[in-house]
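Student: Sequence:
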Amino acid sequence: MVSGTGSGTGRGQNGKRATGSGGAVPEPRRPRLALPREPEVFDASESLAAEEDYDGFEFVSSDLSGALAPGATFLDCALRGCVLDRAVLRGARLLDSLLTEVRGVGVELLDAELRDVEISDARLGGVQCGGARLTRVLVRGGKIDYLNLRQSRLVDVTFEGCVLVEPDFGGATLERVSFDDCELRSPDLTGATLRDVDLRGLSSFEPGRGIDRLAGAVISPGQLVELAPLLAARLGVRVLPTA
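Using the UniProt record's numbering, you'd call the opening residue of the sequence shown number 1 and step up by one each time.
Since the hints were derived computationally from the structure, they do not count as laboratory data.
It is possible that part of the hints are untrue.
[What the hints assert, rightly or not] Within a straight-line C-alpha distance of at most 25 angstroms, the following computed SDA-like cross-link-like pairs (lysine to any residue) qualify:
hint: 1; residue 1: Lys143; residue 2: Arg30
hint: 2; residue 1: Lys143; residue 2: Glu38
hint: 3; residue 1: Lys143; residue 2: Gly81
hint: 4; residue 1: Lys143; residue 2: Val105
hint: 5; residue 1: Lys143; residue 2: Val88
hint: 6; residue 1: Lys143; residue 2: Ser203
hint: 7; residue 1: Lys143; residue 2: Ile219
hint: 8; residue 1: Lys143; residue 2: Ile211
hint: 9; residue 1: Lys143; residue 2: Glu51
hint: 10; residue 1: Lys143; residue 2: Val218
hint: 11; residue 1: Lys143; residue 2: Pro207
hint: 12; residue 1: Lys143; residue 2: Leu33
hint: 13; residue 1: Lys143; residue 2: Asp196
hint: 14; residue 1: Lys143; residue 2: Gly125
hint: 15; residue 1: Lys143; residue 2: Asp96
hint: 16; residue 1: Lys143; residue 2: Gly171
hint: 17; residue 1: Lys143; residue 2: Gly210
hint: 18; residue 1: Lys143; residue 2: Arg209
hint: 19; residue 1: Lys143; residue 2: Gly66
hint: 20; residue 1: Lys143; residue 2: Glu27
hint: 21; residue 1: Lys143; residue 2: Gly126
hint: 22; residue 1: Lys143; residue 2: Glu113
hint: 23; residue 1: Lys143; residue 2: Leu95
hint: 24; residue 1: Lys143; residue 2: Thr173
hint: 25; residue 1: Lys143; residue 2: Gly91
hint: 26; residue 1: Lys143; residue 2: Gly104
hint: 27; residue 1: Lys143; residue 2: Asp180
hint: 28; residue 1: Lys143; residue 2: Gly131
hint: 29; residue 1: Lys143; residue 2: Gly170
hint: 30; residue 1: Lys143; residue 2: Val163
hint: 31; residue 1: Lys143; residue 2: Arg133
hint: 32; residue 1: Lys143; residue 2: Leu194
hint: 33; residue 1: Lys143; residue 2: Ser204
hint: 34; residue 1: Lys143; residue 2: Val155
Produce the complete structure using the sequences and hints provided.
Tutor: Structure below.
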């Protein structure tokens with residue numbers, strides 16, 4: 001386990017985080033939501049529909065388990081306390097929307113688009129987001145187990161105060177992604193491409209597969225010391241005491 005203290009960092013000007021060495025890391029841009037003051041409340045007796053447009057809806061404690069809504073678009077929507085077990089949202093578009101205290105297992109969001117979305121205090125497991133596009137997304141609080149982001153693209157994504165257990169970033173592209181006060185357990189970075197990915201704010205980091213794909217990430221001096229044995233092993237370097 002690699003501990004992250006966030007030491008040596010601070011917020012600078014022009015949306016960049018200062019580093020102890022005088023460099024700067026671009027900060028992810030965050031979503032700016034402006035939800036309707038008088039949203040239309042979703043009728044719990046209805047079912048989500050494929051390719052449907054949901055504009056300005058509020059879903060409150062809705063049980064959307066098993067919903068079949070591939071290609072649906074959610075614009076200016078709020079999902080509060082909803083159950084999403086095995087909901088099929090392949091190719092769906094979530095735009096300018098809020099998801100708070102949602103929970104579910106096996107949600108399918110393959111090839112979906114999330115843009116200007118805030119997800120807070122979610123409890124999710126086995127979410128399938130392979131091939132998805134995440135832009136200006138904030139994940140705050142909660143816990144997500146076995147998140148599949150293979151071949152996805154993450155740009156301006158912030159993970160804040162959450163726990164991520166064995167997320168799969170295989171073949172994904174991550175640009176301007178930060179982890180603040182998060183636990184990151186055994187991520188798979190095999191084949192991933194990283195650019196300006198800030199790991200210094202991690203409260204706990206358990207490296208997983210693809211440790212050699214950390215090029216483009218930013219870590220603290222303390223994290224470097226703790227990662228050194230893994231990096232040396234990957235490079236085939238033996239570290240022995242002097243005779």
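Student: Indicate, hint by hint, whether the structure satisfies it.
Tutor: Hint check results:
1. Lys143 to Arg30: holds, 20 angstroms
2. Lys143 to Glu38: violated, 30 angstroms
3. Lys143 to Gly81: It holds: about 15 angstroms lies between the C-alpha atoms, which stays within 25 angstroms.
4. Lys143 to Val105: Given pair Lys143, Val105 holds - Cα atoms ~12 angstroms apart, limit 25 angstroms.
5. Lys143 to Val88: Holds, at roughly 21 angstroms.
6. Lys143 to Ser203: At roughly 14 angstroms apart (the allowed maximum being 25 angstroms), Ser203 and Lys143 satisfy the hint.
7. Lys143 to Ile219: holds, 23 angstroms
8. Lys143 to Ile211: OK: Lys143 and Ile211 at ~23 angstroms, within 25 angstroms.
9. Lys143 to Glu51: It is violated: about 29 angstroms lies between the C-alpha atoms, which goes past 25 angstroms.
10. Lys143 to Val218: This hinted pair holds, its Cα atoms lying about 23 angstroms apart.
11. Lys143 to Pro207: holds, 18 angstroms
12. Lys143 to Leu33: holds, 22 angstroms
13. Lys143 to Asp196: Roughly 24 angstroms separates the two Cα atoms, so the pair holds.
14. Lys143 to Gly125: This hinted pair holds, its Cα atoms lying about 8 angstroms apart.
15. Lys143 to Asp96: Holds - the C-alpha atoms of Asp96 and Lys143 are around 22 angstroms apart, at most 25 angstroms.
16. Lys143 to Gly171: holds, 23 angstroms
17. Lys143 to Gly210: holds, 22 angstroms
18. Lys143 to Arg209: Status holds; Cα separation ~21 angstroms.
19. Lys143 to Gly66: holds, 21 angstroms
20. Lys143 to Glu27: holds, 23 angstroms
21. Lys143 to Gly126: Holds - the C-alpha atoms of Gly126 and Lys143 are around 11 angstroms apart, at most 25 angstroms.
22. Lys143 to Glu113: At roughly 21 angstroms apart (the allowed maximum being 25 angstroms), Glu113 and Lys143 satisfy the hint.
23. Lys143 to Leu95: holds, 22 angstroms
24. Lys143 to Thr173: Holds, at roughly 22 angstroms.
25. Lys143 to Gly91: holds, 24 angstroms
26. Lys143 to Gly104: holds, 11 angstroms
27. Lys143 to Asp180: holds, 14 angstroms
28. Lys143 to Gly131: It holds: about 21 angstroms lies between the C-alpha atoms, which stays within 25 angstroms.
29. Lys143 to Gly170: Distance ~20 angstroms between Lys143 and Gly170 Cα, so the pair holds.
30. Lys143 to Val163: holds, 5 angstroms
31. Lys143 to Arg133: holds, 21 angstroms
32. Lys143 to Leu194: With Cα atoms ~23 angstroms apart, Lys143 and Leu194 stay inside 25 angstroms; holds.
33. Lys143 to Ser204: holds, 14 angstroms
34. Lys143 to Val155: Since the Cα atoms of Lys143 and Val155 sit roughly 21 angstroms apart, the hinted pair holds (cutoff 25 angstroms).
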